[in-house]
Amino acid sequence: MKSLQTLGRKAWIKAAATVMAASLTLGAGSALAAGGALHAHEPKEGFSSSGVLGTYDQAQLQRGYKVYREVCAACHSMKLISFRNLGEKDGPFYDPKYKNPNENPVVKQIASEFEVPTIDSETGDVITRKATTSDAFPSPFANPEAAAASNGGAVPPDLSVITKARHGGASYVYSLLTGYKAPPAGLKIAEGQHYNPYFPGDLSSAWSGDHKHVPAGGVLAMAPPLSAGQVTFDDGRESTLSNQAADVAAFLEWAGEPKAVLRKKTGVAVLAYLLLFFGLTYASYRMVWRGKH
Amino acid sequence: MSDHPSTYVPKTGFEKWLDSRLPIVRLAYDSFVDYPTPKNLNYWWTFGGILSVCLAIQIITGIILAMHYTPHVDYAFNSVERIMRDVNYGWLIRYVHANGASMFFFAVYIHMLRGLYYGSYKAPREVLWILGCIIFFLMIATAFMGYVLPWGQMSFHGAVVITNLIGSIPLIGGPILTWLQGGFAVDQATLNRFFSLHYLLPFVIAGVVILHIWALHVAGQNNPAGVEIKSKEDTVAFTPYATVKDGVAIIVFLFLFSVFVFFMPNALGHADNYIPANPLVTPAHIVPEWYLLPFYAILRAIPDKFGGVIAMFGSIAVIFALPWLDTSKVKSMRYRPVMRWFFVIFVIVCLGLGWCGAQLPDAQVIPGLPSFTLFDGQLNSYLWLTRLFTIYYFVFFLLIMPWIGLKEEPLPVPASISEAVLAEHNKKKG
Ligand code: HEM
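Residue numbers (the working numbering), protein chains in the order written: chain A, 10 to 302; chain B, 74 to 503.
In short, the hints are calculated from the structure, not lab data. No residue lacks a Cβ here, since even glycine has one placed at the ideal position from N, Cα and C. Honestly, I wouldn't trust all of these hints.
[Stated by the list, open to error] Label-pair restraints from in silico Cβ distances:
id, chain 1, residue 1, chain 2, residue 2, range
1, B, H141, A, N111, 20 to 28 Å
2, B, D260, A, S213, 31 to 39 Å
3, A, A163, B, L471, 46 to 54 Å
4, B, A101, A, E112, 47 to 55 Å
5, A, D219, B, A129, 26 to 34 Å
6, A, A155, B, A258, 24 to 32 Å
7, A, A155, B, R155, 38 to 46 Å
[Claimed, not checked] Below, computed lysine-lysine pairings styled on DSBU-like, alpha-carbon distance capped at 30 Å:
id, chain 1, residue 1, chain 2, residue 2
8, B, K501, A, K88
9, B, K502, A, K221
10, A, K173, B, K305
11, A, K301, A, K268
12, A, K190, A, K221
13, A, K301, B, K502
14, B, K480, B, K303
15, A, K139, A, K268
16, A, K173, A, K273
17, A, K301, A, K108
18, A, K108, A, K88
19, A, K117, A, K106
20, A, K221, A, K98
21, A, K88, A, K98
22, B, K480, A, K301
With the sequences and hints as input, model every part of the structure.
Right, dumping it as structure tokens:
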């Protein structure tokens, strides 16, 4: 193996460095190539829940719930959320006076405004009753078929975990709701479809312009659900499109991860403990190994 | 080591009584207290202990999850979300288990590369190495089936893609596929048996780990110098020396683990798996978890499906054969000036394969670079980059290992571990 050895150490290092540099550029290249939709962004004021120590803004969650209830709930279910969740720690209507959310009067009041199906125990007929705090949010449609029939064939997805089910999370929801635009000339939009540059899709087959510049985004069956002034906020916040979208996105973020605040707080304590424990163990390690190295 | 006499002295009356009936305390003492370990072990040697912690964490969190999980196509997805919402600290248990799998693989890859670099697979540790390979294979099977359980879109379609590979085996593939899926498609029967097997396999792994550690204690640990223990001067007792060092490493590892669990619990997962499984809608881009991407890349590198399956299993099989592929007389690559560069390239290639596994095969590697069609794809595509890496992967084991071992002129190897430690000490002092 003389020939390989005479090549020398430096040459090998150089070769390895070249391979490494090449693989780095490859990585960068594909990041550019990926994704036909615009990158999701936060509202200007940001989300209070983002960041290592971020928490939910309760007033915002309450407004977001209102937007969901008055607008989105007409089409979207949230099957994993029960009324009691609204009154749990870090939730929109949490009240430290009522540790048990089922006793929270606001939550009880909200639940009582809904009707849910049940069976009459005497006759076996399907009837409705007033919802209780333990009931899940009622769904707008009886089944996916009914949902599709009312929405031009597309089923509005359940929103319980939507922020975890899409890249970009709450930012994506915000960008989608505020991002609707008139389609650029040359883009054919089918009946009942709506152009949105943030919705992931491939528009090349509907595009008659320059094939190198296919517009970003895609088309979806949801018409722009929000417009300025649609939901009146009880706390006087201006009802702009952006404000409504930000609030409902924050509410959906909470619904997807109701334990996120507890999780982060626990995390800080765990890391602090591990750091302390590390210091102790490392000191013992130095003591034990003294003179042995 | 086998020739190391037991120094355990039972102290209390009970210990004496037990020792003459079942010397279990003696076994533990000889294995984890008095056991002589090479004194030059570096931090790469702490990953065995880290892996033991990983296995324990997966088993404990897994058993708790199984108490609340429902293996049914209609309820599985929601039962996982229920765990995170309604079970006390269920979010913690689930996120630890999900991220724990990633941490487990992270650790096992380092553990295996450590073995590769320092020649820990060479005589007399061939059986020890093969047991490790069996553990690794079982880990892949366990992780794959575990990922199916939440019954999200990736769970379902990943299971379809991977089980269908079996169907590509000529003649017998079809019947085996039906038998494996428990029907003609991935459905309730598949989910139920995957749950059963996902519960079983970690205990099989635990059994093989016991054999692995038994084999380790017969052959003795290898070490960075790659020379065997010659005298008592070469060793230190497991406790406190190795225990405290492993302890330091385990805490650092748990720190990293916690950063993921508490601050970015879904960063290593795929958003599509939070969409309930829907057989009628296929995700645009089906990818396995990151730790299986290199093997997925090798699978897709071969134009023929069955050929891909053979290459994928072959890429694991060559690791088993490693002890007989390496012809070098020297264990540690510290003293193998040529081989070690091929090792560095090998590590980069493995990372590269992982990267390629996450890309669409037809996508351009360097966007806009003019290219031409070679055989069945553009040269400037992930397909061909993957093929290049795949070729190196196999060439590394099948040609470079045997050939370089014969041709290379190793550097002088220290006569003993003590000498190696002394040399390093002097070098540090300058
Ligand atoms: C569940 C997974 C595994 C566990 C819990 C585990 C555990 C351990 C432990 C505790 C040691 C002793 C400490 C050390 O040297 O790091 C060890 C050594 C070893 N393991 Fe593993 N192991 C696992 C998987 C593997 C795999 C997948 C391989 C390779 C294919 C492997 C190969 C080895 C070898 C060669 C040694 C001897 C190391 C030496 O002394 O040089 N192990 N293992």
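Can you tell me whether the CB distance of A155 of chain A to R155 of chain B sits inside 38 to 46 Å?
violated (25 Å)
Given the hint that K301 of chain A pairs with K268 of chain A, does the C-alpha gap stay at or below 30 Å?
violated (48 Å)
Quick check on a hinted range of 26 to 34 Å for D219 of chain A and A129 of chain B, using CB atoms only.
violated (59 Å)
Would you check the hint for K108 of chain A and K88 of chain A, treating anything up to 30 Å between C-alpha atoms as holding? This hinted pair holds, its Cα atoms lying about 23 Å apart.
Taking the Cβ atom of A101 of chain B and the Cβ atom of E112 of chain A, is their distance within the range 47 to 55 Å? With Cβ atoms ~53 Å apart, the hint holds.
Please verify whether K139 of chain A and K268 of chain A have alpha carbons no more than 30 Å apart. Between K139 of chain A and K268 of chain A the Cα gap is close to 28 Å, so the pair holds against 30 Å.
Given the hint of 46 to 54 Å, check if A163 of chain A and L471 of chain B actually sit that far apart at their C-beta atoms. Holds - the Cβ-Cβ distance for A163 of chain A and L471 of chain B, about 52 Å, lies within 46 to 54 Å.
Checklist entry - For the pair supplied as a hint, K501 of chain B and K88 of chain A, is the alpha-carbon distance within the 30 Å limit? => result Roughly 64 Å between the alpha carbons, so the hint for K501 of chain B and K88 of chain A is violated.
Notebook entry, point to check: Straight-line Cα separation of K88 of chain A and K98 of chain A no greater than 30 Å?
Noted result: Distance of about 20 Å is within 30 Å: holds.
Is it true that H141 of chain B and N111 of chain A lie within 20 to 28 Å of each other by Cβ?
Holds, since H141 of chain B and N111 of chain A (Cβ atoms, about 21 Å apart) stay within the stated range.
For a C-alpha distance cap of 30 Å, please report whether K173 of chain A and K273 of chain A respect it. holds (17 Å)
Given hint K303 of chain B paired with K480 of chain B - CA-CA distance at most 30 Å = This hinted pair holds, its Cα atoms lying about 28 Å apart.
Hints 5, 7, 8, 9, 10, 11, 17, 20 and 22, counting from the list given before, are not met by this structure.
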